[in-house]
Amino acid sequence: MEKQDLYRLFDICEDKQVRKYNSYHSILPDKKFILDNFHIAKRVNKNNLTIVSEKDIVIGFVNYQIKSEYICTIGITLGKRFWGRGYGKDSIVTLVNFLFDEKDIEEIEIEVAMPNVRAINCYKRCGFTKRNINKNSFKTDTGYVDTMNMNLYKEQFYNEDIG
1 MEKQDLYRLF
11 DICEDKQVRK
21 YNSYHSILPD
31 KKFILDNFHI
41 AKRVNKNNLT
51 IVSEKDIVIG
61 FVNYQIKSEY
71 ICTIGITLGK
81 RFWGRGYGKD
91 SIVTLVNFLF
101 DEKDIEEIEI
111 EVAMPNVRAI
121 NCYKRCGFTK
131 RNINKNSFKT
141 DTGYVDTMNM
151 NLYKEQFYNE
161 DIG
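Position 62, counted from 1, in the sequence shown is what the UniProt record's numbering calls 62; the numbers after and before it change by one each time, with no gaps.
Read the hints as simulated data drawn from the structure, not as lab findings. There could be a bad hint or two in this list.
Subject to a maximum C-alpha distance of 30 Å in a straight line, what follows is the list of computed DSS-like cross-link-like pairs (lysine-lysine) [claimed, not checked]: (1) K89 to K67; (2) K55 to K124; (3) K89 to K135; (4) K89 to K103; (5) K124 to K139; (6) K124 to K16; (7) K124 to K135; (8) K154 to K89; (9) K16 to K89; (10) K80 to K135; (11) K67 to K124; (12) K16 to K103; (13) K130 to K80; (14) K124 to K89; (15) K135 to K16; (16) K135 to K67; (17) K103 to K67; (18) K130 to K103; (19) K139 to K103; (20) K130 to K89; (21) K135 to K154; (22) K80 to K124; (23) K55 to K89; (24) K139 to K55; (25) K80 to K139; (26) K154 to K103; (27) K55 to K80; (28) K130 to K154; (29) K80 to K16; (30) K154 to K124; (31) K103 to K124; (32) K55 to K130; (33) K139 to K16.
Pairwise CB distance ranges, derived in the manner of DEER restraints [as the list claims (entries may be wrong)]: (34) N48 to K89: 17 to 23 Å; (35) E102 to N159: 27 to 33 Å; (36) Y158 to Q65: 31 to 37 Å; (37) P115 to Y70: 37 to 43 Å.
All C-beta atoms in this analysis are idealised placements derived from N, C-alpha and C, irrespective of residue type, glycine included.
My request is simple: use the sequences and hints to build the entire structure.
The structure is reproduced here in structure tokens:
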């Protein structure tokens, strides 16, 4: 992720439709703070990757966090103009292949807001299965939102020939 990507990514994260599905939406710092501190964030977390369309447009980002030797959590945020066009699945499958092949991860976890049915279906198409529900996981402008934890195992991913 490069500094020039931050302007577009900040705008994506500030979008009201996108924010209602992201658990971090209420703690997003202002744009100036993010730009002023980009060098620190880049040094600390190299696991944020920009998603770029075939027309070289920044359309979102994915991230991953290694939890243990074999378990990793991932996240994805796409600009709403790009929902339903296959970018989510392509990005998730690419990241999953990288984590399983290059990082030797055995299990990948993702947490998704229950109202985000489009994302839940995307993750299912990528091979993720429901693990559990977290009640009132985060608060939005309209109230508390439940989230679903989903996971994907390396063996399952390759046996189902998703990637």
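**Prompt:** Within a Cα-Cα threshold of 30 Å, do K89 and K67 meet the stated pairing?
**Reply:** holds (23 Å)
**Request:** Would you check the hint for K103 and K67, treating anything up to 30 Å between C-alpha atoms as holding?
**Result:** Within the cut-off at roughly 12 Å; holds.
**Asked** Is the straight-line distance between the alpha-carbon of K154 and that of K103 30 Å or less?
**Response** holds (12 Å)
**Message:** So if I understand the rule, the pair passes when the alpha-carbon distance is 30 Å or less; does K154 with K89 pass?
**Reply:** holds (17 Å)
**Asked** Does K124 pair with K16 here, judged by a C-alpha cut-off of 30 Å?
**Response** Holds, because 25 Å separates the two Cα atoms, which is no more than 30 Å.
**Message:** With the threshold set at 30 Å, check whether the alpha-carbon distance from K135 to K154 stays at or below it.
**Reply:** Given that 30 Å is the threshold and the Cα spacing comes to 28 Å, the pair holds.
**Request:** Could you grab the alpha-carbon distance between K139 and K16 and see if it respects the 30 Å cut-off?
**Result:** holds (14 Å)
**Pair hint outcome, K130 versus K80 [Cα-Cα no greater than 30 Å]** = holds (24 Å)
**Distance restraint between K80 and K135, which requires alpha-carbon spacing of 30 Å or less** = holds (25 Å)
**Message:** Does K89 sit within 30 Å of K55, going by the straight-line distance between their CA atoms?
**Reply:** Within the cut-off at roughly 18 Å; holds.
**Message:** Next pair to validate is K124 with K89; report whether the Cα-Cα distance is within 30 Å.
**Reply:** holds (10 Å)
**Verdict for E102, N159 (Cβ pair) under range 27 to 33 Å** = violated (20 Å)
When held up to the earlier numbered hints, the structure conflicts with 12, 19, 24, 32, 35, 36 and 37 and fits the remainder.
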